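Residue strings, one per chain:
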Amino acid sequence: MTMADALLDRRELLPRLFPNPSEYLIVSGLAGASRDAAAFTREADNLFTMGGAMGAAVPIGLGMALCAPDRKIAVITGDGELMMSIGSLATVASAAPQNLSIVCIDNGQHGETGGQKGHTAERTDLELMARGAGIAATMAIRCPEELGAAAKFLVESVAPRFLCARVMPGPPSDWKRDWNLADCRTRFRDALLERG
Amino acid sequence: MTEPKEPRWAQKLFAQLVEGGVTLFTHVPDAGNKALIQLAERNNETVALLLSTEEEGVGICAGADLVGARGVVCMQSSGVGNCVNHLSLVKGGRFPLFLIVTMRGDYGEMNPWQYPMGQAVDTVLKAMGLLVFRVDSEAELQSATGAALAACFTGGQGVALVLSQRFLGAKTF
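Quick mapping for you: the protein sequence lines, in order, are chains A and B. Quick note: the first sequence, position 116, residue 116 per the working numbering, numbers continuous. Quick note: the second sequence, position 148, residue 1148 per the working numbering, numbers continuous.
Looking at chain A on its own, in the form it has when it is part of the complex (with noise of 0.2 Å):
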C-alpha cells in the first residue's frame, strides 16, 4: 500500500470516526494532528494539545488511560510523532489498557515542515507495528466508504486499539489554537477535575 492508494480527507475524518468527542478525553501531538482535533472539538477542555515534545502523545494518552481507568481515552496523532516513540506501542501493549484508543493520521510526510516524505510514505506499515507490538486490535482505512466500519471498530473493538487512517496529502484543519501549554493544562485539569 502507497501513499497514491489513499482517498481520505483529513479534514473530514475526526468528525467521523468520533460523532462524540465530549465522551473522551482526548490528547493530540504536534503539529497538523493537533490542529486537526482542535478544529474539530473547537478546542473544548476535554483535549490537551500538543506543539513540541514530539513523540509524547502515546506516552500522554496512556498515562491517562491508567490513571483514569473509567474514563475513554483517544490519542490523535500523526505518522511522524508516532514514529519517533514507535517504542511507546509495546508498553501499550503490555499495560494493556481497556478504555485507550489511537488513531494515527497518516499522511507519509512531514507536513509541518516542508512534506518531506516519511517513512510510512513506501515501505513502513505502522498498523503491522502496532500489531507486531502486541496491540490485539488494529485496523487501517484508506477511504472514506470505510469511515463507518472505522467508527465502530472504536467502540467495539477490545482496547487497547489502533487504527491507521492513510490520507492524502493536504493541509489540516484552519484552527488557531492555543500555544501556552501550562495553560492547557490548567484548562483541562480545572475541567475534568473540578467537576469530579
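Derived by calculation from the structure, the hints in this document are not laboratory data. Note that the coordinates shown come from a computational prediction; the quantities given were computed from them, not determined experimentally. One or more of the hints may lead you astray.
Unchecked claim - Between beta-carbon pairs, the in silico distance windows are: (1) A:R131 <-> B:A1147: 18 to 26 Å; (2) A:G132 <-> B:Q1119: 35 to 43 Å; (3) B:E1140 <-> A:E12: 52 to 60 Å; (4) A:K152 <-> B:A1150: 45 to 53 Å; (5) B:E1041 <-> A:P144: 44 to 52 Å; (6) A:R131 <-> B:N1111: 35 to 43 Å; (7) A:M168 <-> B:G1021: 43 to 51 Å; (8) A:A191 <-> B:G1081: 31 to 39 Å; (9) B:G1081 <-> A:S157: 34 to 42 Å.
A virtual CB, placed ideally from N, CA and C, is assigned to each residue, including glycine.
Assemble chain B onto chain A, guided by the hints.
Just chain B, lined up with the frame of chain A:
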C-alpha cells in the same frame, strides 16, 4: 529459595512516596531501582509500568497529572539523556514531574561508557528547569525525599531525586 527482602532504605522510600500520593511507578530497569520496583509490583495500591525508553515516563506522568494522579519515573542516569526534549513539559507546561535517578558514571564507576552521561546529569536536569535533590547517604534519604515531594506535588516543580553511587555502591564487574 525465597527472594531476599528489599533493603530497608528502599522500603522506607517506597512507603514515603505512597504516603505522598504516588500510585504509578514507571521505570526502565536498573540495579539501583530494582527493589523499589519490586515493592511497587507487589503492592495492591500501586502500579509498576515497564517503559521502552525513559522519556515515555515523562509523558505518562504528565498524562497521570492531567487526570489528577501522581506518578514517578525511575531510571538509571543514562536515561536522563533520553528524556531531555520531553522535559519541556516541566518548564513549559508546569507539569509536576518526579524523577528517581539511580547513578552510574559516578563515585567508583568502572565502566567508561557510563561517565559522559553520568557526569552530565545535574547540568542537563538543571538546564531543563528541574530541581535536583542528591542523596549521598541513607541518612539523607528521608529529608531529601520529603523535600522533593513537597516541591513537586505541592510546589508544582519538576524534581529529580538522585541516588548517588556513594549511597548505592558502585557496580563491580
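Here is how each hint holds up against the structure:
1. A:R131 <-> B:A1147: 18 to 26 Å: violated, 45 Å
2. A:G132 <-> B:Q1119: 35 to 43 Å: holds, 37 Å
3. B:E1140 <-> A:E12: 52 to 60 Å: holds, 58 Å
4. A:K152 <-> B:A1150: 45 to 53 Å: With Cβ atoms ~48 Å apart, the hint holds.
5. B:E1041 <-> A:P144: 44 to 52 Å: holds, 46 Å
6. A:R131 <-> B:N1111: 35 to 43 Å: At roughly 37 Å between Cβ atoms, N1111 (chain B) and R131 (chain A) fall inside 35 to 43 Å, so the hint holds.
7. A:M168 <-> B:G1021: 43 to 51 Å: The hint (43 to 51 Å, Cβ to Cβ) holds, given that M168 (chain A) and G1021 (chain B) are roughly 47 Å apart.
8. A:A191 <-> B:G1081: 31 to 39 Å: holds, 35 Å
9. B:G1081 <-> A:S157: 34 to 42 Å: For G1081 (chain B) and S157 (chain A) the Cβ distance comes to about 37 Å; the hint holds.
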